[in-house]
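Below are the chains, spelled out letter by letter.
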Amino acid sequence: DTAVSQTPKYLVTQMGNDKSIKCEQNLGHDTMYWYKQDSKKFLKIMFSYNNKELIINETVPNRFSPKSPDKAHLNLHINSLELGDSAVYFCASSQGTQPQHFGDGTRLSIL
Amino acid sequence: SQKIEQNSEALNIQEGKTATLTCNYTNYSPAYLQWYRQDPGRGPVFLLLIRENEKEKRKERLKVTFDTTLKQSLFHITASQPADSATYLCALDISTGRRALTFGSGTRLQVQP
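Protein sequence lines correspond, in order, to chains A and B.
Okay, so the first sequence: first residue is 953 according to my numbering, each after it adds one.
Okay, so the second sequence: first residue is 6 according to my numbering, each after it adds one.
There's no promise every hint is true.
Unchecked claim - Pairs of lysine-lysine residues, derived as DSSO-like cross-links and limited to a Cα-Cα distance of at most 30 angstroms, are as follows:
1. A:993 - B:76
2. B:62 - A:996
3. A:988 - B:76
4. A:996 - B:60
5. B:68 - A:993
6. A:996 - B:64
7. A:992 - A:961
8. B:8 - B:60
9. A:993 - B:22
10. B:8 - A:993
11. A:996 - A:961
12. A:1019 - A:974
13. A:971 - B:22
14. A:1019 - A:1004
Said to hold, decoys possible - Not everything, but these chain B residues come out facing chain A in the computed CB check (under 8 angstroms):
15. 39
16. 51
17. 94
18. 108
The hints are simulated quantities; they were obtained by calculation from the structure and are not laboratory data.
Where is the CB? At the ideal position from N, CA and C, for every residue including glycine.
Let the sequences and hints guide you as you build the complete structure.
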């Protein structure tokens, strides 16, 4: 009965490739998020979607594009991967301003 | 610019003692502050939320205080156990209600048996 699930858990790929990370939540929440946690463990917001509508788009390269096919899913597509994209990416969801539920992360490594 | 600082990167204490973690912020007046726990290889897990009009919140062995004048929150774990060892993160919504959290860098707590 996983609440927020991300796939894949690990992603190792070459520089320049395009990849996607998928996220699904079964909590019925109206808002979903993507965060990036870098090597220094700082967790930073990238995007948030409320009812399939983008409400936050922080300073993120436009190589990153979120896609929300429905309220329960928020996928992250990354074009032309760079070395600096190596990090752990977390998906989260919440209902309104209630506390957020996080997935266990996708560890992206760029070779 | 907004800064959220957690006073120490790491904290080592003996089992049974009280752990106290600090979160300080500047240039903002949040309506509420949250604390999360993160274990290695896992996502953050919500622990407690405290609102600006609340001085203190408790949940089992956990206690959070919120001083909006000092712009500081303290997070206490009483009767600490080795299982409490984890990284603890404080978080604020500084996105003017758009719900995106800004996190501190975390304090890694190690409870020695």
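Discussion item. Under the constraints set out in the numbered hints, which ones does this structure not fulfil?
Written reply: Violated: hint 13 alone.
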